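**Q** Sequence:
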Amino acid sequence: LSWNHFLLMQSRALSRLTSYYRRALVLPISDNGRSVQLFSLVRSISSTNYPGREGYIRNPNVVQERPEWLIGKLCRDGRIAEARKLFDGLPERDVITWTDLITGYTKFRNMREARELFDRADSRKNVVTWTAMVRGYLEAKQFSAAETLFLEMPERNLVSWNTMMNGYAQSGRIDKALKLFDEMPERNTVSWNTMITALVLRGRMEEATNLFERMPVRDVISETCMVDGLAKNGKVDEARRVFDCMTERNIVSWNAMITGYAHNNRIDEADQLFQVMPERDFASWNTMITGFMRNGETNRACGLFDRMPEKNVISWTTMITGYVENKENEDALKVFSNMLRDGCVKPNVGTYKSILSACSDLATLVEGQQIHQLISKSAHQKNESVTSALIN
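Start counting the sequence shown at 1; every next residue gets the next number (the UniProt record's numbering).
In case anyone wonders, no lab produced these hints; they're calculated from the structure. What you are looking at is a predicted structure, and each value in this text was computed from that prediction instead of being measured. C-beta: ideal position from N, C-alpha, C; glycine also. Be a bit skeptical, because a hint or two may be false.
[As the list claims (entries may be wrong)] Here are the computed lysine to any residue pairs in the SDA-like style, where the Cα-Cα straight-line distance is at most 25 Å:
1. Lys232 - Ile174
2. Lys73 - Asp122
3. Lys235 - Ile251
4. Lys232 - Glu183
5. Lys107 - Ala81
[As the list claims (entries may be wrong)] Estimated spans, in silico, between C-beta atoms of each pair:
6. Asp237 - Asp175: 54 to 60 Å
7. Met153 - Arg204: 38 to 44 Å
8. Glu213 - Glu279: 50 to 56 Å
9. Ala140 - Asp244: 41 to 47 Å
10. Glu310 - Pro154: 50 to 56 Å
11. Asn299 - Asp77: 49 to 55 Å
Whole structure, please, built from the sequences with the hints as guidance.
**A** Pasting the structure below:
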């Protein structure tokens, strides 16, 4: 739902800016003591140290000038009870205030309070409020409630449609997502990408390809998704054609194509692409090392590993596992020893399983006992797969 969150935040920010531009809500000092109570509340809030606090929260006058902003800020920080107190003390509440508090409750899965507020909002809620509630139900996996509310919406915007469609896709109801996609009065890139990604993840590549070809404007997300999906389904040449036609590529695009070659045993083509990458990350290096190891080219894997500017636990574990799978267990032990000596990263479950396998094959009791001691001091001592490897 990250793309939809981004769109919702954009629309909410624009609404808030417009609201603040038009007016500043000022509470009357003599309004049944509300201002005094709120003044005290803000002082208590502002005296508490918490991450992300902006300096001007410390100013108690913020309650008179920006009460809506403060409620939204408290909700985003997870301080819902304090936000609710501030909300309850306001003589007037606009749609932004209602929506922020409802969203705060849904974020922390308090759907009962969220729905109670939503129902109370009446005419003071708009399409953003409705969409926030639908999204809350979806994130809480209350799909039936989300669907019912979506159908009851008096109006829907593009974000509403995308939110519901993504909810269907996330819950595996691809056909319902497709039906909603076809019913949409308008679509944007997020709509197309959501549907294409859902189809690719379900292995429905023919439908994904048809949708991709119909897409009026493609972007790096849709194209990368197709490269990845086609390659994973063995259609590497088709994936390469999409890759070559891309007007923009990011590191994920490059990694998807390299991974496609490597997983389909076309390691030389993967290496050629790797050599011309404008930038590389851990995934780029680790994919190539895995590819070389799977092809039994341990020397090439070792050479690449030595050239890595920085290694993570996956890099070390990939080398160790690769040596074990190629029956070069002594080299696996050397890499493990170097990993411990390097000290930058700690072994994980996969590392211990592979190195214990190497010890078992070599029947090296001393090394096995030393590794057993390391495991007993780590957080992995109770892991079932590690325990099983120790027994073996």
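**Q** All the hints need checking, so say for each whether the structure fits it.
**A** Going through the hints against the structure:
Restraint check for Lys232 and Ile174: the C-alpha separation of about 20 Å stays at or below 25 Å, so the hint holds. Simply put, Lys73 and Asp122 have alpha-carbon atoms about 24 Å apart, close enough for the 25 Å limit, and the pair holds. Between Lys235 and Ile251, the direct Cα distance comes to roughly 21 Å. Compliance with the 25 Å bound is thereby established for this hinted pair. With a CA separation close to 30 Å, the supplied pair Lys232 and Glu183 exceeds the 25 Å bound.
For the hint linking Lys107 to Ala81, the alpha-carbon distance of about 13 Å falls within 25 Å, and the restraint holds. The hinted window of 54 to 60 Å between Asp237 and Asp175 is violated, with their beta carbons roughly 30 Å apart. In this structure, Met153 and Arg204 break the distance hint of 38 to 44 Å, their C-beta atoms being roughly 29 Å apart. The hinted window of 50 to 56 Å between Glu213 and Glu279 is violated, with their beta carbons roughly 30 Å apart.
Between Ala140 and Asp244, the C-beta spacing of about 43 Å keeps the proposed range 41 to 47 Å intact. Separated by about 54 Å at the C-beta atoms, Glu310 and Pro154 satisfy the suggested range of 50 to 56 Å. At about 53 Å, the CB distance of Asn299 to Asp77 agrees with the hint of 49 to 55 Å.
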